[in-house]
Amino acid sequence: MTEFFKKLAGIDRRIIYLTVFLATAIPILTKKTMKIEPLPEVKKAYEYIESLPESSIVMVSIDYDAASMPELQPMLETFLHHAFRKNLKVIMLGHWALGLPLGQQALEDIAKKYNKIYGIDYVFLGYRPGVAAVIINMGKDIKSVFSSDYKYTPIDSLPIMRSVKNYKDIKLLFGLEAGAVGDAWIQYGYARYNLPIILGTTAVMTPDYYPYMQANQVVSVIGGLRGAADYETLVGIPGQASIGMLAQSVIHLVIIAFIIIGNIGFLVLRRAKK
Amino acid sequence: MKKEIPLAITFISGFLLVLALFIPHKPFGNLEEIFNDWYIIVSGFTMLLGIDSLLEYNFKKIRRKEKDAPYSLILILSFFLTLIWGVTEIVRTPEHNPFSPTSTFSKYFYNSIFMPLQSTMFAILSFFIASAAYRAFRAKEFNSALLLVSAVIVMLGRIPLGQGAAPYVITVIFLIFAWYFYAESVGITETGTKLLYILVAVAFIALIYPIGWVYLKQHIPSFADWVMNVPQMAGKRGIMIGIALGGIAMSIRIILGIERTYMK
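Same order as they appear, the protein sequences are chains A and B.
Each residue of the first sequence is one higher than the one before, starting from -4 at the first, in this note's numbering.
Each residue of the second sequence is one higher than the one before, starting from 2 at the first, in this note's numbering.
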């Protein structure tokens, strides 16, 4: 009997790996979506974007790379659909050089679907090194940091940028964060220049931004794959995040089952030792 | 002089920047902007330093024929392949951009090699997290039991299937605790303590229905929100304030030249 509980307390990691693989792969392959009740913070973000007047200028910051793509790319794509559908104008830049092409590709693909014109409805500024310094200086004058876009076109010659000097002309920053750049946006963008911020964060980073959300220093936080699925549901375009919800549900239950099994083995063995 | 000059630069720059915050008039008012411009330029050059250091380290490994030398060789080859391919595309494409729609760099390198590799490396984490959760979340004492229960509540509260699964999960967890306290009571001879253990065991069984099947079945998402918004946030805020105070103290030490490890 003790042997059985020893096995429960020390399941071979290869069995865990195989279970995790199957619990993730099978639900994703079925491509089934689930009925989701959006979290309050995602509803708040959605409603804020909805309340922006037509032609408002919004800024998107790509602060992630391919590693966080499954969680953050659906958020970006949904936001771009939402923004273009509402005829908002989009300025995109980023602080993670390796992730910027992900933003650029999504921007170009989705803008094309809504017949948006580069330079009038959207612009891609690209990357400049020095996160905090870039954010602070843009608050004074965006042109002092980005004198041209990624195609080396002077930004003065782009109609969308003619009406933009600094953050006063930006109605929202939508930051997609896989690291600490979100802190810099809040500490410099919001605290110094009152820039309204919505952050889309990876699940591991989400708790870091809760204190800012409670203090109303960010409008809201869309956290992890669940947040992305909620946002997709609200915008009405179910995509990869909604498909991932079944996999996430199953894998959470599998991990809980493993934790319970491990504890049964552990507690029985501890009793037996006494 | 080798030490004094950097120390003086650090002291003057740090002191001026602090001063600039309190005097928003010229010549102090735009000091921060000037320093930030310099910082952006210097940040660009640090990339060159990084490349130099990376290549030197790996070339050394190859020269010494160390055990990991083949990996270093792959790194160096990948580095130059990326560099040459990227620069070629800047010259070749009409948009002068390695990520333009016509770029082969974007299509074959970034989208077909780099992105899948980086995603795969991160995706592997899910296997380790599951394995680590299984091993780490053990009810060894009261604190670890609390952590375990909080983790389970948040995991359940954040998934669409959570409400349906919560009553079953809570039933199993409470039954385990009830059994454990009852089993503990068997070896106890003192009547008062024995009774207390049995009472705790009974309480766990009695609470299964009201907590698992009534309260959590309805409110697991809001309970998970409460865990995130109250205890989690209190801890996080404490850590953040601690880090900020530590940062201020460290900055003062650096400005005053007490902390000099950055010069090594």
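Rather than coming from a laboratory, the hints here were simulated on the basis of the structure.
Do not rely on the hints blindly, as some may be mistaken.
To spell it out: a stretch of chain B is covered by chain A in this simulated footprint if at least three of its residues, at any positions, have a beta carbon under 8 Å from a beta carbon of chain A; those stretches are [what the hints assert, rightly or not]:
| # | region |
| --- | --- |
| 1 | 13 to 27 |
| 2 | 44 to 51 |
| 3 | 71 to 80 |
| 4 | 85 to 94 |
| 5 | 229 to 243 |
Glycine residues also receive a C-beta, built at the ideal position from the N, C-alpha and C atoms.
Here is how each hint holds up against the structure:
no. : hint       : result
1   : 13 to 27   : violated (count 0)
2   : 44 to 51   : holds (count 4)
3   : 71 to 80   : violated (count 0)
4   : 85 to 94   : violated (count 0)
5   : 229 to 243 : holds (count 7)
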